[in-house]
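One letter stands for each residue in the lines below.
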Amino acid sequence: MAAALTGVTPGPRSRRGVLRWIATHSIALAIGLMFVLPLVFVALTAFMSDRQALTSDLWPRSWHPENFAEVFHTAPLLRYFGNSLMYSLLATAGMLLSSVPAAYALARMRWRGRQAVFLIVIAAMMIPPQVLSVPLYVLWARLHLTGTLWPLIVPYFLVDAFSIFLLRQFFLTIPQSYLDAARVDGCGDLRALLRVLLPMTRPGIAAVSLFCFMYTWNDYFGPLLYAGENPDKWTLSLALASFRGAHQVQWNLTMAATVLVMLPVILLFVIAQKSFVRGITFTGVKG
Amino acid sequence: MRRIGVATACLALALAAGACGGVETGSSGTAQAPAANEKVSLSVWSKFSGRELGLLQKALDGFHGKHPNITVDNRGGQDDDKVAQAIRGGNPPDVAISFSTDNIGQFCSSGAWQDLKPYITRDKLDLNQIPAATRTYTEFKGTRCAMPLLADVYGLYYNKAMFAKAGITAPPKTMSELFEYAKKLTVFNPDGSIKVAGFVPTIGFYSNHVQMWAANWGVQWKGQDGKSALGTDPQWQAMLEWAKKFTDFYGKDKLAKFTAGLGQEYSPDQAFEKGQIAMAMDGEYRTAFITAEAPDLDYATAPFPVADNKPDLYGGGYTTGTIIGIPKGAKNAGAAWELVKYMSTDTGALQGLAQGLKNVPSTVPSLQDPTLQQDEHFKTFLDIFANPNLSTNPASSNGGAYLKTAEDFATSYQSGGVPDLKAGLAKTAAQIDADAQLGG
Amino acid sequence: MSAKPNAVPAAGSLSWIRPRPGHWIRPLAFMAPALVGFAVFFAYPLGALLYYSFTRYDLLNTPVWVGLRNYAFLLTQDPLARKAAYNTVWLVVVITVLRLIFATGVAAVLARIRNGAGLFRTLIYLPALAPPVAATLVFTFLFNPGTGPVNTVLGWVGVKGPLWFSDPAWAKPALTLLTLWVSGELIIILLAGMLDVPAELYEAAGLDGAGSIRRFWHITLPSIAPVLFFGVINSIILGLQYFTQAVVAASVASGSADIAGSQRVIGYPDNSTLTFPVWLYQQGFHYYNMGYASAMSIALFVVSTVFTVFFVYRLRRGSHGEEAA
Chain A
1 MAAALTGVTP
11 GPRSRRGVLR
21 WIATHSIALA
31 IGLMFVLPLV
41 FVALTAFMSD
51 RQALTSDLWP
61 RSWHPENFAE
71 VFHTAPLLRY
81 FGNSLMYSLL
91 ATAGMLLSSV
101 PAAYALARMR
111 WRGRQAVFLI
121 VIAAMMIPPQ
131 VLSVPLYVLW
141 ARLHLTGTLW
151 PLIVPYFLVD
161 AFSIFLLRQF
171 FLTIPQSYLD
181 AARVDGCGDL
191 RALLRVLLPM
201 TRPGIAAVSL
211 FCFMYTWNDY
221 FGPLLYAGEN
231 PDKWTLSLAL
241 ASFRGAHQVQ
251 WNLTMAATVL
261 VMLPVILLFV
271 IAQKSFVRGI
281 TFTGVKG
Chain P
1 MRRIGVATAC
11 LALALAAGAC
21 GGVETGSSGT
31 AQAPAANEKV
41 SLSVWSKFSG
51 RELGLLQKAL
61 DGFHGKHPNI
71 TVDNRGGQDD
81 DKVAQAIRGG
91 NPPDVAISFS
101 TDNIGQFCSS
111 GAWQDLKPYI
121 TRDKLDLNQI
131 PAATRTYTEF
141 KGTRCAMPLL
151 ADVYGLYYNK
161 AMFAKAGITA
171 PPKTMSELFE
181 YAKKLTVFNP
191 DGSIKVAGFV
201 PTIGFYSNHV
211 QMWAANWGVQ
221 WKGQDGKSAL
231 GTDPQWQAML
241 EWAKKFTDFY
251 GKDKLAKFTA
261 GLGQEYSPDQ
271 AFEKGQIAMA
281 MDGEYRTAFI
291 TAEAPDLDYA
301 TAPFPVADNK
311 PDLYGGGYTT
321 GTIIGIPKGA
331 KNAGAAWELV
341 KYMSTDTGAL
351 QGLAQGLKNV
361 PSTVPSLQDP
371 TLQQDEHFKT
381 FLDIFANPNL
391 STNPASSNGG
401 AYLKTAEDFA
411 TSYQSGGVPD
421 LKAGLAKTAA
431 QIDADAQLGG
Chain Z
1 MSAKPNAVPA
11 AGSLSWIRPR
21 PGHWIRPLAF
31 MAPALVGFAV
41 FFAYPLGALL
51 YYSFTRYDLL
61 NTPVWVGLRN
71 YAFLLTQDPL
81 ARKAAYNTVW
91 LVVVITVLRL
101 IFATGVAAVL
111 ARIRNGAGLF
121 RTLIYLPALA
131 PPVAATLVFT
141 FLFNPGTGPV
151 NTVLGWVGVK
161 GPLWFSDPAW
171 AKPALTLLTL
181 WVSGELIIIL
191 LAGMLDVPAE
201 LYEAAGLDGA
211 GSIRRFWHIT
221 LPSIAPVLFF
231 GVINSIILGL
241 QYFTQAVVAA
251 SVASGSADIA
261 GSQRVIGYPD
271 NSTLTFPVWL
281 YQQGFHYYNM
291 GYASAMSIAL
301 FVVSTVFTVF
311 FVYRLRRGSH
321 GEEAA
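Protein chains in written order, with the numbering used here: chain A, 1 to 287; chain P, 1 to 440; chain Z, 1 to 325.
Derived from the structure by calculation, the hints contain no laboratory data. Keep in mind the model is a prediction, meaning the values are calculated, not measured. Be aware that a few hints might be false.
Taking lysine-lysine and the DSS-like style, the derived pairs with C-alpha atoms no more than 30 angstroms apart in a straight line are [said to hold, decoys possible]:
#: 1; chain 1: P; residue 1: K222; chain 2: Z; residue 2: K83
#: 2; chain 1: P; residue 1: K117; chain 2: P; residue 2: K184
#: 3; chain 1: Z; residue 1: K160; chain 2: P; residue 2: K184
If you want the footprint, here are the derived chain P segments under chain A, 3+ residues with CB under 8 angstroms [stated by the list, open to error]:
#: 4; region: 86-93
#: 5; region: 320-331
Short, incomplete list of chain Z residues facing chain A, as computed with Cβ under 8 angstroms [to be verified]:
#: 6; residue: V109
#: 7; residue: P168
#: 8; residue: A169
#: 9; residue: P173
#: 10; residue: W181
C-beta: ideal position from N, C-alpha, C; glycine also.
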């Protein structure tokens, strides 16, 4: 997999090969441009003056990097950033605490009802988030916790079906002999998990954590439902959605805000690209 | 983190008992005002922002001056949706201010806003100081759950310079005249796109909402039987056909492109203020925006034109207003009532706020305001307010749902999506009646 | 999209590598938080949902039992629910079909790339990383009818671009394009599947003189069938819960001053972006017809469960096959 992903394959040899090389690479280039050009237009617009952003010009006549500073003046971006970060970090930490042991029990322990619980995990994973929104909202409203992000964070400390599922799949890839060896050494389940399984599945755990972080960071429905009423608790996504309402014709500012919201995620991707790709392909291909 | 602990404990309780803390049940009694030496803090939520929020703060400062023990936390940008959520979450503000009366039926019938009658009786407050139309739109089926905090009245704004250039001397008085004048006032770019629109007829654009037009067309929302009259009152058909003809004059696509490039309604880029629109329906508050944001604009105000077949309606118009009330579960209902009473009946407070916001004062004594009377732009609206043809849309227990249903249909017809208008209106009426059953 | 990345995994193994026979207390200790979590955030809400669906409830007054009235209203008296269901089915079908064709095509090109494959993969995955709200804003800007780059470029080649997010006929196609733009995840999964196809298979076919299209049709596609199955289920689930993009696009395109999700702008233009979850949200959290919203939730639950059952069935069949092997 790793070799294939870095794309190390021999270059063209024959003349026909050269033509074919040019053809496929041109198509690929066109496709690549199609994916990336929208982002380029957005970035360019973010640097335009408000006047020019209202025209159909594609290239800034003069550059206005101060647009980005302006965004910070018009909206408390740092507070939203803090809220997003709190939501994502706490959720990811909670997910790891609750899901790692559960995934271990599902992957590496034998007990009655395991199959049934695994089916529940799948069912919970596939249910659209809107389905349970009414009763859950009622529950949190009775606890007087609506208007905060806690209704979104607390569940991660108990259960996150998707992460349990994915972690279980990762744990299944470790040969049983390693665990048996650990047990022979006198390790219990907990120590087998901590000493053997966790170090061996570190890349998998990194991938699951990234997914959890990204999902919560990008989440819109959850914060809209629970924190929509309280602007102090808005996340970046929520704030961005209402940003254009307040700055209708200022496409340059709106696009600058969009760039700012996307930036952390893209940085995270650049840093952890390998884990991302491994995690994605793992969910799709490997059983 | 302590909250998590509390939450988990409560979760267990909630599962066992079905409630934890619960939303307090509304009491029919009254809460006492705090003693003069008792320190109380009130939270007030409204949708005001920027300049207007500052004006509200001034009025609240006046209240604090009279009640030094009560401090007020003034929070803007909170619309009806947010207040409704907060009430249900058990963390409501002490006082809520809503910009429109669309949801009054829901507020009163569901108990989301507390019934104020016990307080009014206790304090022997005279409601006759509030004009009748305003009294009507602040209660629902005998439950008074809100007090008026200034009124809004809608009329016509027109650009005098553009009128002069087009050789038009007086504002239009009928819908046909409005259409004719708009044609003369519209300027197209060389490529055929719209440069200046005489009037934008798009329903949903700025103040173009069906309930606001409805007053000037004299349409009925409900028949004698209490059922929706959309299918039976021919005025509905006339109004929508007019709107469609108007749209077709510009071309639906051209109009959409034009409006997509216009500034937001409450920003300095608003199209009338920018001279991109020659005539517009708008509320009296626009005069204050123009003074602040486009002081050089050469404009005038007049009552909005009326249906050709109902000329006697001219001079009236649509009214609604900002309302103030106490949400269910408010922590300091007693002090909140003092604030509501002050804001809705104190002549000085109302006049100060009315002069700043350029809203119509909502009590008879406060209407006698010389400053407002002298403003020629504003006087138009005071006259409309005093006109017997002033009207508003009926309240409904499912809030503004019927307005959305009607407006959705109107928009759909306007953009050419409805072949048979009459049948479509009848269907929409049936829908409104069915929806009312679901909510009620 | 509210969907987690690949919320649906590919057919996998349910077979258990034989563990030491354990006491039941240990697994219980490991599973305890999850079991409590399932009880509180899954089982209890499902039961409560069913109960609320038979009531009229506004979260202020106690629920009033109304029997089947909400369901009757949903099925016979709510044209907007019908419209919303139509929009959702439209999105499910079109997104599933186009997303798979598009992703397979792009992956097939990338699989043949010899130089710079890593760079291309990054470019294609980049949009998928963007928060859905940001991606939607990007598209409403690109496709804005007045001055957007898309219609500008179309104008250069003499095509008069449509109004996209402001035209009821074009809003859903525009949302579909947005979904294709952010399908980098599926492309990477399909690409990995294609690269995993053993070279001997192609070589064997090459000896038979098969052309590249036939090789793709007869060898590549069957080999990645499990991944495609995953893609189908994933796209269906994605389509069924389509919410964020629809709400944000409607809010931005309508030019409303209200915050996203406000009742006036939902579904704009002409309810063409009103999806079933959006209407459910509107009924539940704007009108507070929570009983009715619960009945709608039950309907959505039933439909998504059909696909879950189908998926689990395939999963189990797959695992039985492996056990037999």
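For each hint, the structure was consulted:
1. For the hint linking P:K222 to Z:K83, the alpha-carbon distance of about 26 angstroms falls within 30 angstroms, and the restraint holds.
2. Annotation: proposed proximity of P:K117 to P:K184 is violated, straight-line Cα distance about 53 angstroms (limit 30 angstroms).
3. For the suggested pair Z:K160 and P:K184, the alpha carbons sit about 28 angstroms apart, so the restraint of at most 30 angstroms is met.
4. With 5 residues having a beta carbon nearer than 8 angstroms to a beta carbon of chain A, the region 86-93 of chain P meets the requirement of three or more and the stated coverage holds.
5. With 0 residues bearing a CB less than 8 angstroms from a CB of chain A, the region 320-331 of chain P misses the requirement of three and the coverage assertion fails.
6. Satisfaction of the interface hint for Z:V109 is found here, the shortest Cβ-Cβ separation to chain A being roughly 5 angstroms, below the 8 angstroms cut-off.
7. Using the Cβ-Cβ criterion of 8 angstroms, the hint placing Z:P168 at the interface with chain A is not satisfied: the shortest such distance is roughly 21 angstroms.
8. Interface hint status for Z:A169: violated, as the beta-carbon distance to the closest one in chain A is roughly 22 angstroms, over 8 angstroms.
9. Here the hint on Z:P173 is broken, as its CB sits about 16 angstroms from the closest CB of chain A, past 8 angstroms.
10. About 7 angstroms separates the beta-carbon of Z:W181 from the nearest beta-carbon of chain A, less than 8 angstroms, and the hint is met.
Comparing the model with each numbered hint stated earlier shows that hints 2, 5, 7, 8 and 9 do not hold.
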